[in-house]
Amino acid sequence: LRDITVEEISDVLETPDEWVWVGVREPSEDLLDKLREEFGLHELAVEDAHNAHQRPKIEVYGDSLFIVAHTAQVVGGKIAFGETHIFMGKRYIVTVRHGASLSYATARRGCEQSQEMLALGPSYSLYAVLDFIVDNFFPIVREFREELQELEDEVFEETFKRETIRRLYVLKKELVTLRLAIAPLQDILNQLIRQYPGLIRDEVRPYFRDVYDHAARINESTDTMREMLTAALSVNLALVTVAQGEVVKRLAGWAALLAAPTLLASWYGMNFHHMPELDQPWAYPAMITVTLGICGVLYWLLRKAHWL
Amino acid sequence: LRDITVEEISDVLETPDEWVWVGVREPSEDLLDKLREEFGLHELAVEDAHNAHQRPKIEVYGDSLFIVAHTAQVVGGKIAFGETHIFMGKRYIVTVRHGASLSYATARRGCEQSQEMLALGPSYSLYAVLDFIVDNFFPIVREFREELQELEDEVFEETFKRETIRRLYVLKKELVTLRLAIAPLQDILNQLIRQYPGLIRDEVRPYFRDVYDHAARINESTDTMREMLTAALSVNLALVTVAQGEVVKRLAGWAALLAAPTLLASWYGMNFHHMPELDQPWAYPAMITVTLGICGVLYWLLRKAHWL
Amino acid sequence: LRDITVEEISDVLETPDEWVWVGVREPSEDLLDKLREEFGLHELAVEDAHNAHQRPKIEVYGDSLFIVAHTAQVVGGKIAFGETHIFMGKRYIVTVRHGASLSYATARRGCEQSQEMLALGPSYSLYAVLDFIVDNFFPIVREFREELQELEDEVFEETFKRETIRRLYVLKKELVTLRLAIAPLQDILNQLIRQYPGLIRDEVRPYFRDVYDHAARINESTDTMREMLTAALSVNLALVTVAQGEVVKRLAGWAALLAAPTLLASWYGMNFHHMPELDQPWAYPAMITVTLGICGVLYWLLRKAHWL
Amino acid sequence: LRDITVEEISDVLETPDEWVWVGVREPSEDLLDKLREEFGLHELAVEDAHNAHQRPKIEVYGDSLFIVAHTAQVVGGKIAFGETHIFMGKRYIVTVRHGASLSYATARRGCEQSQEMLALGPSYSLYAVLDFIVDNFFPIVREFREELQELEDEVFEETFKRETIRRLYVLKKELVTLRLAIAPLQDILNQLIRQYPGLIRDEVRPYFRDVYDHAARINESTDTMREMLTAALSVNLALVTVAQGEVVKRLAGWAALLAAPTLLASWYGMNFHHMPELDQPWAYPAMITVTLGICGVLYWLLRKAHWL
Amino acid sequence: LRDITVEEISDVLETPDEWVWVGVREPSEDLLDKLREEFGLHELAVEDAHNAHQRPKIEVYGDSLFIVAHTAQVVGGKIAFGETHIFMGKRYIVTVRHGASLSYATARRGCEQSQEMLALGPSYSLYAVLDFIVDNFFPIVREFREELQELEDEVFEETFKRETIRRLYVLKKELVTLRLAIAPLQDILNQLIRQYPGLIRDEVRPYFRDVYDHAARINESTDTMREMLTAALSVNLALVTVAQGEVVKRLAGWAALLAAPTLLASWYGMNFHHMPELDQPWAYPAMITVTLGICGVLYWLLRKAHWL
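Residue numbers (my numbering), protein chains in the order written: chain H, 344 to 651; chain F, 344 to 651; chain U, 344 to 651; chain E, 344 to 651; chain G, 344 to 651.
Looking at chain H on its own, in the form it has when it is part of the complex:
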């Protein structure tokens, strides 16, 4: 257990019972070239590790594995995605981080504390890194679930906000992106549980099964949330339509309530010379009474029909 320089790597690789863990972040082409020479990595894999924007995948080059995993982190209220590229051979593990991702120092320290685990070689370190990556998705899923909960509450509120619909859409988009990061990780872990007998120690496989389970839970959560989001959107549409129908009903109700006295008033605004009602002294009070009566009855009828 000691720190070495890049040039010492090939020496260490020749010492039996020793193995190397190298962690770099957004490395220069020079550094990658040096690592390639020291570890004998494949040109295509190194090229991939230099350019980010790879899909999560696992590839075998001779007797080494090349793994690409997406990482996610909440940075300032927004979710930022990153990539980690891992080279693993029998005696070394190299992690290359791009974009948003926490340092693997904590994962490393966890490994270094137990002599037993260190003895399991790079495959246990691989587990530690992947476990760390997958566990970092949980706070994001939690945040998404809270956002969905809030949006559901807003959907069933009385007033409709355009903003709610926009947030439903944005959440859907983020869930789709999250799925692209997490779904292939399940395949990668499934392969690590079953394959690569020379590289992965059998004692470590149950640990990968554990990480697989976490990834599967995240996946189930996002799938469930996507399904509920779709339902929330269509429920929202139904509620908006119902609310609109109520507005129209109320509009119609008040229109009816006002139309009746307006018609009556217009009627007695006519200029016929012979309208006997107009001359009676009791006519105006009667008019007031009748109008109030009609309005009252209408109001009662409309109230009963839930139009007001």
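Everything labelled a hint here was simulated from the structure, so no lab data went into it. All values reported here derive from a predicted model rather than from experimental measurement. Among the clues, some could well be false.
[To be verified] With a straight-line cut-off of 30 Å between C-alpha atoms, the simulated DSS-like cross-links for lysine-lysine are:
1) 647(G) to 504(H)
2) 377(U) to 516(F)
3) 516(G) to 504(E)
Chain H is fixed; fit chains F, U, E and G onto it per the hints.
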């Protein structure tokens, strides 16, 4: 058939022809540690058993099985989910319950009553527990079916309630959660029907097939209900739109019925000096007659066109 | 070819070259127990046969098959479902009917008429029963297709009825239920075409392929109908919205047509002392002419824009 | 290469290096019986060939193949479906046509022209017939594509026609039916590419791969069209709703434009004795000016908000 | 490394350690015939290569591969699709371009620059061509993503444009077409990674894996975009409905605001002889005050309820 203390377990395990059934509920870490030592369980499985929130799964550790199943129970009108973790070896079965779940005492008593069944060893007990778990889902499915039936009736009623839509949404959410509990159980049972030759006695396999069938029926029910729920939501939207159209029609109908006499009354409210009609004594009665006539014809026309 | 009592069964089973066909309907527990003893059936299968409400399935118990199939029948305009449970061994076939289902007497008579077919043993009888079951689904599919045709006609009619939407929903529900009965039957028949070499005679397999084909056709029909139903529902929603839009347009059109003369009439109802138009003798006829002209032009414009 | 009578068939079948091609259309039961005897066909296959209404399928009976394929043809502007049943043995091919389908004479003539092809035996003829059947689907797909194109144009037009929606629905129904005819054909061809080593000459397999490709292209086209149809329906609904919203806006706009002067006119129609404005000689011209001003401002405001 | 005439090809093919790369564009039938003779290609493949409109596919003819791939290019703001047909044998590669596609000269030059790569034979050239084809899809995907981004912004704007919906539809159509081009390419590349041991050198397989990855990323992008498009369409519908509801509310609000003073004005326009209010000198100012008061209160109420 007798009760023993935790410390006696390892002694019993060494006695041939005897096997142990341990049932604990939300155990302390100490108790789990003791059980781990007595039965020689794998560290990762015990850790899982301590933390609830596992997905339903079946895992082999050496010559023992570790099974996680979700349980559900109606507690005070609401559905509460729980987890049961089962360790099974050739000579022991350990059940660990978390959250909402009935005690397995009844399942146990069922096993203890028949000497024949006890002789089949832990695999029959495993059947008894899983059968008990799956059967406890049936009342929930029945409750969901009744809720769906009620909601369907409400959807086809004349009046629309926001509450109906909210309940459709909530039911959908509960069905999705139920599916996450029951669908993986089918996989677990399928494996128990076919695999693990050393652990599962062949005589017990048809019983697992029976439980599998029950799980499959629950799954089919929830899938059918989800499909009908989606249909109910879109049917609801269609009915709301139809109802809204009827409101608009009725609004338009009454507006038309009132607009005609209003126009006429306004017309004869004009102050032109030379309006010959105004001076005739028969004018006002004629006006009344014409107005009533127009309204009558309009009413008849609108009625025929189903606008009123 | 002869009728025997239940107690004779075990004797017949010991006579080579003879085999037994037993058909019962909703049997008592006693009768089932007797049958179980005579034929040596498995306890779990007999329990299933007593309780209806099984999923369609095929299960092997030792050297006998246990098949559950759903049956359907139109009883008084409504579709009633039933279950048939079949036990088949090398030398016997037992059919147990529950709920709505026609007697298998006709299928039996068909078998008994040809010596050749009888010689093929119970597997040909199994074919006869399953063929009979599947063929009884055809009238139901035909009825559903007619119902769908009627509903399509109603959807494209001018007037919308809530009843149409309700019937679309009910038809969807019935199709989903039908699918649960017919889809697993395909799996069962597929297994009978390929597996169980000791029990199913190779000469009979093409006949099962024939029944499989019928089941597949029913399945395709229901799937097609479900897809068209979903389309019909959304088409209905679109048509309702279009119709509503037309109502609003017509409402707006008539409102516009009446608003113009109403405004004019209100205008000349004003009481300004100096309104020179009011004093002219030609004013009123001019007013009439102008009003009619405006209404004519508006009517023509609105007609052209399809608002009336 | 010569024409023979039905009775000669069995003689020819005994002559080595000769083979028979028989093509019949909606044959009588007698003719089918004769063919069955001459070629030794299986009873069930012949029964199928007599009754049309089979699903597309491929079945082996001993050392002969029985193939059912659906055919389609545009007859008088409408699509008519037919069925072709093909029996193929080592030395014969029999085609039985039902319903709408072109004669296979052209396919036959194509085969007869090249000695080389004839030498490949019945399997090349089978290719010729299936190729002919599949190619006859292309004009139908083209017609559907043109219909879809037309409907898309109509959907994006300003005016909505119920007819458009009805045609979208009918096209969807036809596509679903077409899919039922073409999708199983792919399976049949896939089997002909890989299986039946005694019956299908290896030299002919690439030709079947070619037909498979055509069938796959038709399938892709129908799937794409179905997806676009669903999109077109929902786009149509959205556009109808948008258009309806514009109608309501315009209705509201004109209502507002007319309501203002109507209110003003009503106001000065009041009969209060002390309304100083009424007596002024400039009052009426002022009223006109103010009314025009208000209307002008309103018109400009509403125009800017796109309500008019 | 040299240029040769068509006639020299067969000579070169006989020289060991040499291989030929031929690239043609929309060749005449004559040229294809010559190539067929020189390379000994299969008749059906050459026929396919002459007619464009093939699905992307990979086919083996003896010891040569025939690959069809779709190409895409942005030509004048619109996406144009083309086809490339590739024949590859042990010692030759022939590319035939149809429709929109860039020349493979750049890919060729890349190969020719490195002696090492040339030594890998035609399979490396095949990689170079397919890599070039797949990379040319990236700008199109980028353009689609920008279009989607723009459309999303438009969807969430205040005003709705029919044009937005039309563009959403067109984009969906283009994505469906793109998918038909790119999805089968993944299958082709997958086969090139694993199969054809005689034709594809093992050193080249990781390169195909690289191209496969690019194709998979394009596929994921289009799938994601299609899902978001569907969501955008339904979000758009919801927003349109919400906006329409707001218009109706505002319409109702203003109608209510104007209806009250109109009713009042009509009321005092009545011609009853005995309306004591009319004679009071304070009546008119009081009327004005009351009207303004009512309007103020209504305005405040409607504002609070967000109806104005």
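Hint check results:
Pair hint residue 647(G) plus residue 504(H) holds up; C-alpha atoms about 16 Å apart against a cutoff of 30 Å. Taking the CA atoms of residue 377(U) and residue 516(F), the gap is about 48 Å. The hint is violated against a cut of 30 Å. For the hint linking residue 516(G) to residue 504(E), the alpha-carbon distance of about 23 Å falls within 30 Å, and the restraint holds.
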